[in-house]
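8 protein chains.
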Amino acid sequence: MKPLVSIIMGSTSDLPVMKKAADFLNDMEVPFEINALSAHRTPEAVEEFAGNAESRGIKVIIAAAGMAAHLPGVIASMTKIPVIGVPINASLDGLDALLAIVQMPPGIPVATVGIDGAMNAGILAVQMISLGDAKLAERLADFKAGLKKKIVKANEELKEVKYPFKTN
Amino acid sequence: MKPLVSIIMGSTSDLPVMKKAADFLNDMEVPFEINALSAHRTPEAVEEFAGNAESRGIKVIIAAAGMAAHLPGVIASMTKIPVIGVPINASLDGLDALLAIVQMPPGIPVATVGIDGAMNAGILAVQMISLGDAKLAERLADFKAGLKKKIVKANEELKEVKYPFKTN
Amino acid sequence: MKPLVSIIMGSTSDLPVMKKAADFLNDMEVPFEINALSAHRTPEAVEEFAGNAESRGIKVIIAAAGMAAHLPGVIASMTKIPVIGVPINASLDGLDALLAIVQMPPGIPVATVGIDGAMNAGILAVQMISLGDAKLAERLADFKAGLKKKIVKANEELKEVKYPFKTN
Amino acid sequence: MKPLVSIIMGSTSDLPVMKKAADFLNDMEVPFEINALSAHRTPEAVEEFAGNAESRGIKVIIAAAGMAAHLPGVIASMTKIPVIGVPINASLDGLDALLAIVQMPPGIPVATVGIDGAMNAGILAVQMISLGDAKLAERLADFKAGLKKKIVKANEELKEVKYPFKTN
Amino acid sequence: MKPLVSIIMGSTSDLPVMKKAADFLNDMEVPFEINALSAHRTPEAVEEFAGNAESRGIKVIIAAAGMAAHLPGVIASMTKIPVIGVPINASLDGLDALLAIVQMPPGIPVATVGIDGAMNAGILAVQMISLGDAKLAERLADFKAGLKKKIVKANEELKEVKYPFKTN
Amino acid sequence: MKPLVSIIMGSTSDLPVMKKAADFLNDMEVPFEINALSAHRTPEAVEEFAGNAESRGIKVIIAAAGMAAHLPGVIASMTKIPVIGVPINASLDGLDALLAIVQMPPGIPVATVGIDGAMNAGILAVQMISLGDAKLAERLADFKAGLKKKIVKANEELKEVKYPFKTN
Amino acid sequence: MKPLVSIIMGSTSDLPVMKKAADFLNDMEVPFEINALSAHRTPEAVEEFAGNAESRGIKVIIAAAGMAAHLPGVIASMTKIPVIGVPINASLDGLDALLAIVQMPPGIPVATVGIDGAMNAGILAVQMISLGDAKLAERLADFKAGLKKKIVKANEELKEVKYPFKTN
Amino acid sequence: MKPLVSIIMGSTSDLPVMKKAADFLNDMEVPFEINALSAHRTPEAVEEFAGNAESRGIKVIIAAAGMAAHLPGVIASMTKIPVIGVPINASLDGLDALLAIVQMPPGIPVATVGIDGAMNAGILAVQMISLGDAKLAERLADFKAGLKKKIVKANEELKEVKYPFKTN
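Chains as they are written, first to last, in my numbering: chain A, 1 to 168; chain B, 169 to 336; chain C, 337 to 504; chain D, 505 to 672; chain E, 673 to 840; chain F, 841 to 1008; chain G, 1009 to 1176; chain H, 1177 to 1344.
Calculated directly from the structure, the hints in this document are not laboratory data. Even glycine gets a Cβ: it sits at the ideal position worked out from N, Cα and C. One should not assume that every hint holds.
[As the list claims (entries may be wrong)] Quick look at which bits of chain F chain G covers, simulated, 3 or more residues with Cβ under 8 Å:
#, stretch
1, 904-911
2, 935-949
3, 975-986
4, 990-997
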């Protein structure tokens, strides 16, 4: 089983956030790998990783970084497969990481999700891969259909809230 | 008893904040309902809700949302009764939700209150309904008169603060 | 003809922005007045205005202010009819005015629209008055129906954009 | 020739920015369409568009919006193909649009590019489609190789800058 | 003993912050009073207070407020004695209160100190009163001289920090 | 005639903004001086200035600075007369200068006015000096009374705005 | 042993952050001193310190400050050796300190590191001194080589994360 | 003549800002070079440049970048000589570039100057090189002494400003 998605992060301290991307990929039965890389500490490893990802069969890279978050953009400059960037809230409520990931110059996009938005990164990766995988597209459709359940359940709970002038 | 105000939110996690709107409506004896809806998870339900609200007798909708808070604006686009938006602080101190609610394009206003400002949303709804309901207007006037009491009580407490050079 | 909406501003320099609220009210055939008031320069006039507005038949007040924008909130504290606040961009891209208007303490809401959002303030006022005026509600429904026209026209213009690989 | 990418915007005033996405798609010989839609003015048209996009053969949607930018997120909630969001700078330097697009709740991602980053949106769309189109992947590789030329040319120009103590 | 400084706040919840202003005034033996007032809940009381402050012998007013902080500016518009504004951090890290206090329009200044900067408000009040009170000026000079002691003490503590390569 | 107020700035480029402080002092017949000083270029001159200001009869110092605006705070640390800080908008809309002036640590306040708020700095200086100068207090009272005139004039101009549904 | 680097801070409350600079210098065997100084409380001591630092053999100064952080810039104006500024997060997430340190006017630079970035300040100091100290340069090279180890260790830990569809 | 400082930028559009760094180095008679590099377009060239800079005799690198400004940090990760980062204002008033440069993770500092602060970058480079070059240190001392002249000249100009109540 070869991985289709590669999740990378700069430190295991990002794992509690990034776990949600892994959970989603696993639920969707998309093979993936998780590696630690750093744009600043291991630039050669980043280069090797980015240079080989496509030929190894990786379809999408999910890269998380905080502060002056360079990892997603640096990887995006070294490959032509899509890179999804996840800004990690490590300072300034994550605004620094968001801007350092999303404001890429013309030529090198990073598909950015919200601050600490790892689950959405996983979903976005599956959306991209689904374009050429009908079975996965079905599983994704099921997931999207299931999103309503949380609202249905919330409505049941809100029914329990009682006020004299509440009518439902 | 048919509801005049509809409080909607995207998740029961918003209930602790939004309870203050319900409390106020209940105190003012204004019939209301509470429902969970999501601009993104249940768009059809949102459309049905917004399309029928006016004919069901709803006068004002209070919609709460956090992050990229689309619910109030999406509902406002589908009805001509006033929509009050409550930005929920779920990230970035609530600044993202505030901007995503208040900065609506010309044509589709949302009456926005402060971050987590659910009580003010309830009051604003009552102010609007009072325009055509003299009895409710009286209850609202009593409430406004009562706002001073908190200041009177605060002054009594501040009297208890003692310093050699404090003169009151 | 007695005014139903009162538009107030601190200076005639706000008129180019606030004109859009007047235009909309006029189009909807809602009688309105325009006055200059200042929370800081003419506090007694503000008090007199706010105290008498309701008994003069005013249903909604639209108040514009820039910088440390106190006018909407100060008026809202002195009347129980709804006050719509329009943050004027006079410094800091209007962020100071937005926060000084929307972040009202519990008890005294201001229905805030976007920065320089005068047209939306006019629409919101009409939405509120329509709750008790069926004829006005019809005119508002017509306006809302007309919003689509701008998109239809935009699509016609976009048809004119030609590219070899553009398919529509 | 059926379109693979759909570029949508809320107004023709976004065209000067969004033209760069169209230019890139055209250069890459990817069939595309351009339409005007508005999350707020034409919600039914948005729903119809989003509901049919996939069955019409659209692989990726590029949606631009300014201010309280709801269009990309609303479309993303109604389809399972990837949606790329382009925040348009219409107020607050584009920060409101960026936050209103990127900070999507878990479940509904929007692949966000930088403020006014239309060219990068086009590139990202091509990156996604290339995953299943070897010819397009080659054209993309040529484009990426060509990015260096701008730097080579810049170095030639910088050679012309003369100072007594400049050594190159 | 008549008060020279009046400390006002909107709620006793501001007392833990504002106590530092009272402490300083008491240490400097400047008679002061503390009252609760609200620009929004008790506008008439604010007007009466501001209108009489000067004739009661008050020289300086210190006004604290959070969120859309109107109290300092509203009082400043009603008196010609100096008003010192203290932005209270109640939301958005206090940035809303800071902007709502400091960004006053031309004509009505508020002497603004930092967020939660109550001690500095007390010092500033004493600096103003000292202009006409030689004895107080002496006490203030002693206080300013004493500011160095904290640094001297800090240096003693830093001497205790030991490292092989630390030379002092 | 000895100056009572000293206006200082870091560069003549601040003069167009700071002229409004000079204009106001001159109108109020308060003797003043204007000097250029820099916390960074002429620290010794700053020290000499601040050390001698009080003994030269200066009652209040108005200090303007932009960017990392240190001048007001540095002077405030060297004198016990009040220092009014004027943040100059030279970058980041003046937010950097505002924070660098207002966020002083406990012990050394700077009485901060709004961004480019030079006129308010002049008024604040006069308010402080008026505490011990009855004649000046009268001139200040006249000025405050005159503030209403601008509103009266604005109302006259707004009367000229004609609409079929405008009632005043 | 004479110190080459001088670490200064305004209060011992900054020590937990600044300790990381000291730790790094000690690890690199660079003699250093730690002192408390305050731009506002002990301006004369700051002047004496800055005036003598170079002649005492100090090569680099690391200055930490929070809020309206003047210390690094004030010292930089009084010496020609490089000053590294460390913004301390004491309010507003440290954004005030960052802007008050980094936005220095032309002529007086401060080499600014990230918010609470004391370790990086230590490294930067060593980088500067290494320019003329081959032995130290070697130790620095070893440190840089060691940065990869953290990533290697992170990868080992990430190997332990197990999912059915995780491939590494 | 071998260069001691290397100025790099991503595009010739940065030259008007960065020219001030070149001007200063030239005035100080410090040999320098200027090159265009891009962290994203020419990553291999960046790596080669950074890997060889020290052995070519470069003592300090000045790197400018805008938006998601990665160039300074990426270079800093590949060399142990000091890297000075200049945030270029290309969007969001330069705040994105400032945060993307200064907020580096522990281990890889970038000595950051203010937004568009190229002259200060040049001065900082000279300060670093001066540590081991007595002649250059003298020239730098002359420059620092000359900074006062601008203030002297400003004072002469301010003398020309005439008011009846201006005393100097």
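Structure-based check of all given hints:
1. 904-911: holds (count 5)
2. 935-949: Coverage by chain G holds here, the residue count being 11 at a Cβ distance below 8 Å.
3. 975-986: violated (count 0)
4. 990-997: violated (count 0)
When the structure is compared with the earlier hints, violations turn up for hints 3 and 4 and for no others.
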